[in-house]
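Kindly generate the complete structure, drawing on both the sequences and the hints.
2 protein chains.
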Amino acid sequence: MVYQATTSAPVNIACIKYWGKRDTKLILPTNSSLSVTLDQDHLRSTTTSRADPEFSKDRLWLNGNEEEIKPGSRMHTCITEMKTLRKKTVEDNDSSAPKLSTYHVHISSFNNFPTAAGLASSASGFAALVFSLAALYQLPVSLKDLSLIARQGSGSACRSLFGGYVAWEQGSAANGLDSYAVQVAPESHWPEIHALICVVNDAKKGTSSTAGMQRTVETSALLQHRIKEVVPQRMENISKAIHEKDFDSFARITMADSNQFHAVALDTSPPIFYMNDVSRAIIAIVEEYNRVSMAATGHLRAAYTFDAGPNAVIYAPESSIKEIVQLILRFFPQQFKDPFGLFREEDMAGKVPEGFNEGVSRVWEVDSVKGLIHTKVGGGPRVLGEEEALLNLDGFPNEKVTRKWDL
Amino acid sequence: MVYQATTSAPVNIACIKYWGKRDTKLILPTNSSLSVTLDQDHLRSTTTSRADPEFSKDRLWLNGNEEEIKPGSRMHTCITEMKTLRKKTVEDNDSSAPKLSTYHVHISSFNNFPTAAGLASSASGFAALVFSLAALYQLPVSLKDLSLIARQGSGSACRSLFGGYVAWEQGSAANGLDSYAVQVAPESHWPEIHALICVVNDAKKGTSSTAGMQRTVETSALLQHRIKEVVPQRMENISKAIHEKDFDSFARITMADSNQFHAVALDTSPPIFYMNDVSRAIIAIVEEYNRVSMAATGHLRAAYTFDAGPNAVIYAPESSIKEIVQLILRFFPQQFKDPFGLFREEDMAGKVPEGFNEGVSRVWEVDSVKGLIHTKVGGGPRVLGEEEALLNLDGFPNEKVTRKWDL
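For the protein sequence lines, the chains are A and B, in the order given. Mapping of the first sequence onto full-length UniProt numbering: position 64 corresponds to residue 64, and the numbering continues sequentially without gaps. Mapping of the second sequence onto full-length UniProt numbering: position 213 corresponds to residue 213, and the numbering continues sequentially without gaps.
Be a bit skeptical, because a hint or two may be false.
Unchecked claim - As a list, the in silico EDC-like pairs of lysine to aspartate or glutamate whose alpha-carbon atoms are at most 16 Å apart:
#1 322(A) / 354(A)
#2 205(A) / 229(B)
#3 205(B) / 358(A)
#4 228(B) / 229(A)
#5 322(A) / 192(A)
#6 228(A) / 229(B)
#7 205(A) / 358(B)
Because the hints were derived from the structure by calculation, they are not lab data.
And the structure:
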């Protein structure tokens with residue numbers, strides 16, 4: 001009997017940003033956050049977990065390379081917590097259930113997007129890990145309960161356990177039991193939201209978000225005001241915007257919160273910069289696009305957001321995404337891979353809409369934006385078939401973890 | 001009889017930044033600010049004013065080009081207020097005094113630094129204007145009273161009426177009579193403070209500070225917290241640091257407040273960026289320099305500050321300024337004009353101190369920083385001799401206003 005499960009989990013990109021922990025061990029945040037889950041058809045982490053009495057220790061491979069599971073590490077915490085749940089919720093109630101919690105595990109995980117893309121893989125990675133162990137262990141627990149464990153791997157991972165529009169409630173309990181993810185709306189509620197990820201070239205290695213956010217907590221004179229006075233209202237307003245499919249409000253709040261996150265990073269000592277001149281140019285282009293759109297239709301048609309790096313994610317309704325891709329191609333000429341079949345060859349040259357002031361940005365050198373990924377809102381983690389497994393018969397990573405991503 | 005006066009006034013660069021007006025007509029700020037006045041031997045505005053019953057209207061030339069004095073403009077307000085003061089404080093008390101307040105004026109003003117340097121010339125310009133009219137009109141009034149008028153020309157101009165270390169008290173009166181400049185300490189109290197202005201090349205024309213600050217007032221969710229909770233404490237602390245010649249505190253507050261000003265600019269909708277990748281590199285270099293210095297001596301040795309543009313001003317004690325110039329030359333190779341005679345030819349190559357991590361910045365292309373201006377804390381406005389006058393015998397700009405600055 002082989003005890004094994006393979007699952008995939010999606011990337012999520014926050015509209016209300018998580019920045020600051022009140023408990024660094026349990027990963028309890030200083031404010032609630034909210035994200036859009038992106039479609040796993042494009043970006044995903046896949047994980048196979050196997051429990052076997054023959055294994056001599058817990059082992060983990062990321063993209064085929066073994067990573068040490070250090071005692072007390074976040075990875076160690078997640079695996080231990082999952083074994084404890086197996087014992088408590090399955091084995092203690094059913095003496096006939098195999099004692100998987102006592103077996104060691106082998107885990108093989110693969111991200112289908114390159115680290116070089118600068119997309120945080122920890123969210124989808126820890127979500128896939130926790131979800132695969134839950135499948136392996138056949139746990140009778142809710143996604144909310146799993147989100148409590150994924151959160152301890154990487155805070156934002158808790159949001160990748162749900163599809164659609166997802167909030168991470170900060171909670172107030174010292175033990176973190178009320179700091180979990182909840183689905184604000186499923187992807188089917190508002191499926192028209194597309195996303196264009198602009199992968200920005202950056203020579204400079206930025207401050208890690210783990211180190212950066214704690215420096216902000218310790219030194220920013222503005223962060224506490226953001227936490228107490230700004231975010232709670234924004235969480236309420238953006239949830240309402242999502243329920244009402246009100247893109248104007250969604251866009252306004254998303255852009256304001258991205259900018260405010262980078263503002264408190266800058267208000268840190270020493271200051272933290274994640275955006276560079278290319279990021280600034282993308283902001284200028286999207287702001288000008290919205291200005292034109294407001295003048296013509298009274299509505300916004302795009303919203304940028306930036307995580308702890310220079311990459312832009314542009315959220316837009318399906319009806320404007322082609323125009324936005326063309327706009328970006330105008331200033332950042334490149335080959336564009338078109339997953340939705342929207343483009344003919346001649347559309348790839350890039351163009352700007354009527355009335356757009358092209359002076360807002362220069363045309364950038366090739367590779368300033370080194371890739372564009374077009375995706376959309378998507379669903380939560382999936383249990384995959386045996387044919388997708390990332391472990392071979394002996395319980396070691398198979399050739400599937402060396403597949404190349406052609407960004 | 002020719003009624004004419006020529007004066008010069010200095011540039012000032014704020015450590016606690018002015019950003020936001022509570023009254024845009026009277027130019028009343030939302031928070032107090034504090035600056036260092038820079039030496040007029042290096043950077044200055046010079047202004048000659050003449051009153052003559054033969055003149056047919058008030059006229060003004062900036063660097064030889066006539067500027068229209070529009071009714072209701074800031075320039076018009078300053079000239080009108082100065083004439084009113086002349087009448088009230090001189091002519092109404094002494095019937096033998098010539099009625100200069102009834103004559104039209106010709107004003108010729110010259111900045112010895114190019115507009116391209118991106119240094120705000122409005123502060124030194126309005127200070128020189130008001131000071132020259134005060135000299136022309138022989139006004140028996142204090143610098144504080146003059147600062148109330150200069151403030152209405154350009155807010156920060158009020159600080160250029162004093163030398164040394166100068167606060168602009170925000171005041172609370174609706175008529176603005178308690179919103180004026182005061183000297184915190186004269187330049188002689190702490191003459192060791194030097195300044196290195198790094199003139200940064202920027203393709204993009206930034207948002208004007210007048211428009212930008214009001215957009216921040218209207219849209220930033222963080223500005224009010226800065227105004228109410230952060231700045232008052234910083235004003236107190238930096239004044240104390242100046243009185244105690246405590247460079248560590250002075251530097252820490254100066255850098256934090258520059259960063260916070262740019263943070264609230266970024267927290268504006270649409271966001272405002274004044275710093276670019278070169279500005280970020282200068283911050284990284286100064287932060288690394290201070291890190292090395294802290295490790296070696298327990299003290300900071302440099303403080304950067306950025307106004308509404310990409311230029312850096314680095315304040316440093318005299319004892320470290322040569323090392324800082326060499327550091328900047330290391331990453332931004334260029335010819336350096338050495339006004340203090342500190343450098344031998346071989347020092348110009350640039351170098352970094354022991355232990356400095358050169359990975360914090362790449363070496364930039366020539367002209368990324370297109371000029372370095374080394375100056376120091378200096379005195380307030382000066383009355384100059386007739387030989388410095390910028391008007392010819394007929395009352396029109398003379399050849400002195402076409403002198404070229406060789407940045």
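Hints not upheld, ascending by number:
Going through the list in order, the structure violates hint 2 alone and respects the others.
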